Amino acid sequence: MILYRVLRWTMSFYFRARMRIRFEGERNVPSEGPFVLVLSHQSHLDSLLLHTFCPRLVFTLAKSSVFRTRFMAWVAPRVGAIPTRRYRIDPQSVRVALRLLGSGHAVGVFPEGERSWNGKLQSLRRGSIGLLLKAGVPVIPCGLVGTYEVNPRWGIMNWWKVGIRREPVTIRYGDPIRLGRHDDRRSRERALPEATARIETALHAVMAR
Amino acid sequence: MPIHHMLYRCPRCGHDPLDGHKGKAHCRSCGTSFEQGRGAVIIARPSDGPPEQTDASTLIAAVQELGGPGVHTEQGEDLLSREARIRFGKVEGHDIIRWRGEFLGFSERISWKGEGLLRLEGEALTVTQNERANGSSESFSCLLGEIRGVQISSIALQITLGRNRMYQFEFIEDSPKRWEDLVCLALTRFFARSRHAIEEFKPRIVTTHFDEMPSDEGGGESDAGASDALAPAARTGRGIRTR
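Chains as they are written, first to last, in the working numbering: chain A, 1 to 209; chain B, 1 to 243.
One or more of the hints may lead you astray.
[To be verified] When the alpha-carbon atoms are kept at most 30 Å apart in a straight line, the in silico BS3-like pairs for lysine-lysine are as follows:
no. : chain 1 : residue 1 : chain 2 : residue 2
1   : A       : 161       : A       : 63
2   : A       : 134       : A       : 120
3   : A       : 161       : A       : 134
4   : B       : 90        : A       : 161
5   : A       : 63        : A       : 134
6   : B       : 24        : A       : 63
7   : B       : 24        : A       : 120
8   : B       : 22        : A       : 161
9   : B       : 22        : A       : 120
10  : A       : 120       : A       : 63
11  : A       : 161       : B       : 24
12  : B       : 22        : A       : 134
By construction, these hints were calculated from the structure, which means they are not laboratory data.
Everything numeric in this text was worked out from a predicted model, so none of it was measured.
Sequences and hints are given; from them, build the entire structure.
If you want it as structure tokens, here you go:
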């Protein structure tokens, strides 16, 4: 993960010059062992900020179209992106996520599946919650508050605007949630509504301004 | 994505569509323009008053209130039919993504089929392709009951049919968000006729029967007699998950 570490270091300079970044609840991120970070998705910046500033190296599930060019197909896996085909149920991305968790890594998931248009939390996809239930590792909610204001889905971001009037962004980690391990499908189906409600509540809490 | 893709109808007067240029949307009917202010603030500049600061939530709600993606006829009907120029493609194969020799997953390979006119009419979604010089052409048509998933990816609309056949439509002028809203609304009405409510559109359509829903959400007013109009796949639930 040399490229990942180099880019983390480089991007941290850029983001600190561009934004006034605050960190809250970093003690909730385990220094070792597997966990899943669940994040609300409000901007293109979310995954970049997460990869740059999360205390642990994180692998995130990214839409497979990101990998379509040769350059991105080479770079993206080296900075912790795992391809997910969003137009279908993609068992391969689940297998890879579980494999990474099994070997003690951290995995980031955007359970809404796409960026929000209005900065509010959208409904969570059943498949993402299913992955959390199958993994059985601690789930840490993470809110990136302020990225919507910097680069909303419908807006245009001026990447060169650095130094003056830095926009405030807070990266907030919530308390770990333990959903238990649900190996069989029936058990996951039963646990799904309650798990979804718990994750939604936790995401609302970390997204509060 | 440009602002006029989100505000595909004027949130002040309901005129459809808005013109868009370089991060600004302008209504030809009432003269209001919308542009990004500081951060996520949207500044509405009406032709007859001072500028107002607003936000995406308020404007999206206004767009939906004034008709959303539907077309209002003079008789007051709310029709869900529309056509738009598109470039369309189909997933034909996948590239394998590896890291340190390990298999990570797939990235779909889109094979572009050319330009044409995408049309939603009644229960059919079709593409009429422009004529191509070499005479080769591949068309697209499906019934609403055959659709397994709908979503936007960047500026394109993705429609998934059975066996994970995915078609991608890039709009040359129209808004992909409008088309997502339009197809989702058409599907919602389509399934309501067989007394099903859609819980999730992506990655696949998940429905619940009205009888299984809490009473305050039930759609007792739906036209149950029209259930025969459902495509065979939807009736049997093949590919469409029904709880």
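Against the structure, the hints:
1. With a C-alpha separation of about 28 Å, the suggested pair residue 161 of chain A and residue 63 of chain A falls inside the 30 Å cut-off, and the hint holds.
2. Taken as a hint, the residue 134 of chain A and residue 120 of chain A pair is honoured in the structure, with Cα atoms around 27 Å apart against an allowance of 30 Å.
3. A distance of roughly 43 Å separates the Cα atoms of residue 161 of chain A and residue 134 of chain A; the hinted pair therefore is violated under the 30 Å criterion.
4. For the proposed pair residue 90 of chain B and residue 161 of chain A, the alpha carbon gap of about 39 Å is over 30 Å, so the pair is violated.
5. Among the hinted pairs, residue 63 of chain A with residue 134 of chain A is consistent with the structure: their alpha-carbon atoms are about 21 Å apart, no more than 30 Å.
6. Straight-line distance between C-alpha atoms of residue 24 of chain B and residue 63 of chain A comes to about 28 Å, which keeps the hinted pair within the 30 Å bound.
7. Proposed proximity of residue 24 of chain B and residue 120 of chain A is supported: the alpha carbons are some 23 Å apart, at most 30 Å.
8. Proposed proximity of residue 22 of chain B and residue 161 of chain A is supported: the alpha carbons are some 18 Å apart, at most 30 Å.
9. For the hint pairing residue 22 of chain B with residue 120 of chain A, the CA-to-CA distance comes to about 25 Å; that is within 30 Å, so the pair holds.
10. Taking the CA atoms of residue 120 of chain A and residue 63 of chain A, the gap is about 21 Å. The hint holds against a cut of 30 Å.
11. A distance of roughly 20 Å separates the Cα atoms of residue 161 of chain A and residue 24 of chain B; the hinted pair therefore holds under the 30 Å criterion.
12. A hinted pair counts as satisfied when its Cα atoms are at most 30 Å apart, and residue 22 of chain B with residue 134 of chain A does not qualify at roughly 45 Å.
The structure shown violates the earlier hints numbered 3, 4, 12.
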